[in-house]
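Novice: Sequence:
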Amino acid sequence: MKAKTNKIASKRFKITKTGKILRARQNSRHLRHNKSKSQKRGFKKGAQVSNSFTAGIKHQLPYA
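With UniProt numbering, the residue at position 39 of the sequence shown is 39, and numbering never jumps.
No wet-lab data here; the hints were simulated from the structure.
Just to be clear, a hint being listed does not mean it is correct.
[To be verified] Here are the computed lysine-lysine pairs in the DSS-like style, where the Cα-Cα straight-line distance is at most 27 Å:
| id | residue 1 | residue 2 |
| --- | --- | --- |
| 1 | K17 | K35 |
| 2 | K7 | K17 |
| 3 | K11 | K45 |
Work the whole structure out from these sequences, hints included.
Specialist: The structure is reproduced here in structure tokens:
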């Protein structure tokens, strides 16, 4: 039986060519007027997922 991709994980995470897993930064959606311009610019960059979570995410994304 084929492994199924977890659709939530596929929308939240991106796997780079070198195998790193990127996620969106937190605190970037609401109350942006209280945040500085440099903070808001920083939200555009993805953050790398810590190594303790990578095995679980790769298990959820078998074809990525």
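Novice: State for each hint whether it applies.
Specialist: Hint-by-hint comparison with the structure:
1. The straight-line distance between the Cα atoms of K17 and K35 is roughly 32 Å, outside the 27 Å bound, and the hint therefore fails.
2. Note on K7 and K17: the hinted pairing holds, with a Cα-Cα distance of about 20 Å set against a maximum of 27 Å.
3. Between the alpha carbons of K11 and K45 the distance comes to roughly 16 Å, so the proposed pair stays at or under 27 Å and holds.
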